[in-house]
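Chemist: Take the sequence shown: its position 165, counted from the start at 1, is 165 in my numbering, and no numbers get skipped.
A hint or two may mislead.
Capping the alpha-carbon separation at 20 angstroms, the derived lysine to any residue pairs in SDA-like fashion look like this [stated by the list, open to error]: (1) Lys76 / Glu54; (2) Lys132 / Asp150; (3) Lys76 / His11; (4) Lys76 / Gly94; (5) Lys76 / Arg50; (6) Lys76 / Ser122; (7) Lys76 / Leu14; (8) Lys76 / Gly88; (9) Lys76 / Ala87; (10) Lys132 / Glu151; (11) Lys76 / Thr97.
In short, the hints are calculated from the structure, not lab data.
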Amino acid sequence: MIRVAAVGDIHMGLDSQGLLRPAFDTLPGCADLLLLAGDLTRHGTPEEARVVAEEVGGLPVPVVAVLGNHDHHDEKPEEVAAVLRAAGVRVLEGQSTVVEVDGARIGVAGTKGFGGGFVGRSGSEFGEPLMKEFIRYSRRCADGLRTALDELAGQGCGTRVALTHFSPVPDTLAGEPPEIYPFLGSYLLAEAIDTAGADLAVHGHAHAGTEHGMTSGGVPVRNVAQPVIRRAFSVYHLHGHEVPTTASTPVGTSVGTFG
Numbered sequence: 001m002i003r004v005a006a007v008g009d010i011h012m013g014l015d016s017q018g019l020l021r022p023a024f025d026t027l028p029g030c031a032d033l034l035l036l037a038g039d040l041t042r043h044g045t046p047e048e049a050r051v052v053a054e055e056v057g058g059l060p061v062p063v064v065a066v067l068g069n070h071d072h073h074d075e076k077p078e079e080v081a082a083v084l085r086a087a088g089v090r091v092l093e094g095q096s097t098v099v100e101v102d103g104a105r106i107g108v109a110g111t112k113g114f115g116g117g118f119v120g121r122s123g124s125e126f127g128e129p130l131m132k133e134f135i136r137y138s139r140r141c142a143d144g145l146r147t148a149l150d151e152l153a154g155q156g157c158g159t160r161v162a163l164t165h166f167s168p169v170p171d172t173l174a175g176e177p178p179e180i181y182p183f184l185g186s187y188l189l190a191e192a193i194d195t196a197g198a199d200l201a202v203h204g205h206a207h208a209g210t211e212h213g214m215t216s217g218g219v220p221v222r223n224v225a226q227p228v229i230r231r232a233f234s235v236y237h238l239h240g241h242e243v244p245t246t247a248s249t250p251v252g253t254s255v256g257t258f259g
């Protein structure tokens, strides 16, 4: 059994020092790795990234992250990622990483992703150059995710997780105004996940959304935005390709069992 802790949208600022570290210090007792699903900072400044780095640096479990739209706001995403990497965080964008857990290999493929909408109500690469680039950027993110998942399969990872900030499905957006769904995710991410295969997809971004969803191909999707899970992190137990069920949770965490 592989225990995956995940949270997104922690939005840390200069006044957030020490806010989450006490909860993260409990991770070794309940999780094998921590996934951060973007929007780790409020405005994407390197100074805010250093606060995040102090919260997760030196943890005894691997930390894997993608950036979110907030982490791009100051137009210094490379600097934000560099600060996090210096603290030992594996920051992914169209890339993958492998974590060893008791002899098992769990692969994580990550991308921020982008918007565009969902089947039947999505943008297309047509019209003005800006609109074309909007959707092409979404497609590039999805293509990077698919390639990273394929690479993990080639490396013999029996368990694979897709980590994004934007949502791959509309299920986990329930609670958000339908008018803004195109800005919360893209079906292209779900297509990439279903094509390459994964055991779990984790995202954030939709603060008023819903935790549980699924791709059309049957991959469980979890919205781990902190305003949704209302915990420092949620924990999911992975048993290959089985169906997730809900389990009782201790204070400070939320647990879902796959199997």
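Chemist: Hints first: check each against the structure and report whether it holds.
Modeler: Evaluation of the provided hints:
no.: 1; hint: Lys76 / Glu54; verdict: 19 angstroms, holds
no.: 2; hint: Lys132 / Asp150; verdict: 27 angstroms, violated
no.: 3; hint: Lys76 / His11; verdict: 16 angstroms, holds
no.: 4; hint: Lys76 / Gly94; verdict: 18 angstroms, holds
no.: 5; hint: Lys76 / Arg50; verdict: 13 angstroms, holds
no.: 6; hint: Lys76 / Ser122; verdict: 29 angstroms, violated
no.: 7; hint: Lys76 / Leu14; verdict: 17 angstroms, holds
no.: 8; hint: Lys76 / Gly88; verdict: 19 angstroms, holds
no.: 9; hint: Lys76 / Ala87; verdict: 17 angstroms, holds
no.: 10; hint: Lys132 / Glu151; verdict: 28 angstroms, violated
no.: 11; hint: Lys76 / Thr97; verdict: 23 angstroms, violated
When the structure is compared with the earlier hints, violations turn up for hints 2, 6, 10, 11 and for no others.
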